[in-house]
Amino acid sequence: MRYRILLLGVALGALVACEPAPPPERQSPAEKLPSSEQRLLGNLLKEQQGERLRRLKAGAKGFADAVQGLLGNPDELRLATAREGWSRLYRSFNESMLVLSCRVAEQPALAATLRRIDHFPMLPGYIDGLQNWPDSGIVNDLSVELTRESLLHAQSLSSDDESSLGFQVVAFLLYGEPERPRTVAELSLRSSDTDDNSIMDGGEIAESDSLINEETVVEPPMGTSAAYAAERRREYLHLATAILVEDLLMLAREAEQSVVMPGAQCPVAAMRMTVERLIRVSGLDDHQSVSGEYYSAHGRKLALEGLQQGLMPWLESESPLRHWLLAGGSNGHSQTLPAFVVADMPDPVLLQQLHAALSAAR
160 MRYRILLLGV
170 ALGALVACEP
180 APPPERQSPA
190 EKLPSSEQRL
200 LGNLLKEQQG
210 ERLRRLKAGA
220 KGFADAVQGL
230 LGNPDELRLA
240 TAREGWSRLY
250 RSFNESMLVL
260 SCRVAEQPAL
270 AATLRRIDHF
280 PMLPGYIDGL
290 QNWPDSGIVN
300 DLSVELTRES
310 LLHAQSLSSD
320 DESSLGFQVV
330 AFLLYGEPER
340 PRTVAELSLR
350 SSDTDDNSIM
360 DGGEIAESDS
370 LINEETVVEP
380 PMGTSAAYAA
390 ERRREYLHLA
400 TAILVEDLLM
410 LAREAEQSVV
420 MPGAQCPVAA
430 MRMTVERLIR
440 VSGLDDHQSV
450 SGEYYSAHGR
460 KLALEGLQQG
470 LMPWLESESP
480 LRHWLLAGGS
490 NGHSQTLPAF
500 VVADMPDPVL
510 LQQLHAALSA
520 AR
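In our numbering, the protein residues as written are 160 to 521.
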């Protein structure tokens, strides 16, 4: 009996030894890439995240300070300071677009916040009175209560162009029309009443808390219509700035907390989204009339500069991204990107070629 068991064990062992070894697990193309290339690309991503988001957060807080100062004591200097703060912040936002888009590519639900932050072109007459239509806009519509909820509800209520929030809305409240710039009087109190609706909390923005007093309600009009419009405009500027800063800081926190390995979503898909934005901004050179869809020449110039500066570290001739894509990228197919040169007006053909190459690299 023992002899039979021994023979059975030997036979089974021989069968196991003769079976072919299981095939090795297939590796994705990204796993086959040299670790040095992925590491260098990851280092660039981490470097860009840190620098861009640091500037964006500082710019957001600085702009909130400037608007608070303007509303607290309106004068020409404070109006100029608030406008300068908006310009710096808008350029920094566009420079950060690729980093922010990385997070949106991973978490698509954040795309709605990104669109609200900078919805363009917009309809100025939906926001405030114009030279030819002085009673138009939310500022002059007493049926619209100026609260966080009402402004969020009014965002793209009946048309994609009817933006009630975001960079372009805040800019129009600060700058006014090209032929009729906003005056200090249009942002001043009608009396010596103090403004209790501070954007800041104890002198500093609390990133973790809402920046908005949700109970804010404009009182019935007193005095002249122009004076009352100025008070509503002030309240609108306060709320729109607070929501803008809150959205920016939230996206920055999301991007900081994201741990991303270089791949098809980040930076490739994020860069493609950024190039799409650059193509769109480049094509809006004829939207300078406030009577229709409007994108200010100043804002467009800042966006063009910021987007190109944000792309440059990734598109330099010896950038880690170029080497990584040439070695196979995330799909295992070698891909080259066209040369990229910063210009006052980017070449539309070059942008389309870059977009096509990034689409193929996904």
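Don't read these hints as lab results, they were simulated from the structure.
Mixed in with the good hints there might be a few duds.
Derived SDA-like pairs: lysine to any residue, alpha-carbon spacing no greater than 25 Å straight-line [as the list claims (entries may be wrong)]:
hint : residue 1 : residue 2
1    : Lys216    : Gly325
2    : Lys460    : Thr306
3    : Lys216    : Met504
4    : Lys216    : Glu206
5    : Lys460    : Leu289
6    : Lys460    : Gln424
7    : Lys205    : Leu496
8    : Lys460    : Met504
9    : Lys460    : Gln511
10   : Lys216    : Leu289
11   : Lys216    : Gln511
12   : Lys460    : His514
13   : Lys460    : Ser195
Results for each hint:
1. Lys216 - Gly325: Holds: Lys216 and Gly325 sit about 16 Å apart, inside 25 Å.
2. Lys460 - Thr306: violated, 32 Å
3. Lys216 - Met504: The given pair, whose Cα atoms are some 28 Å apart, is violated under the 25 Å limit.
4. Lys216 - Glu206: Between Lys216 and Glu206 the Cα gap is close to 16 Å, so the pair holds against 25 Å.
5. Lys460 - Leu289: The hint holds at about 23 Å.
6. Lys460 - Gln424: violated, 28 Å
7. Lys205 - Leu496: Satisfied, since the Cα-Cα distance of roughly 22 Å is no more than 25 Å.
8. Lys460 - Met504: With a Cα-Cα distance of about 9 Å, the restraint between Lys460 and Met504 holds, given a limit of 25 Å.
9. Lys460 - Gln511: holds, 20 Å
10. Lys216 - Leu289: With Cα atoms ~33 Å apart, Lys216 and Leu289 exceed 25 Å; violated.
11. Lys216 - Gln511: violated, 32 Å
12. Lys460 - His514: holds, 21 Å
13. Lys460 - Ser195: violated, 38 Å
The earlier numbered hints that this structure contradicts are 2, 3, 6, 10, 11, 13.
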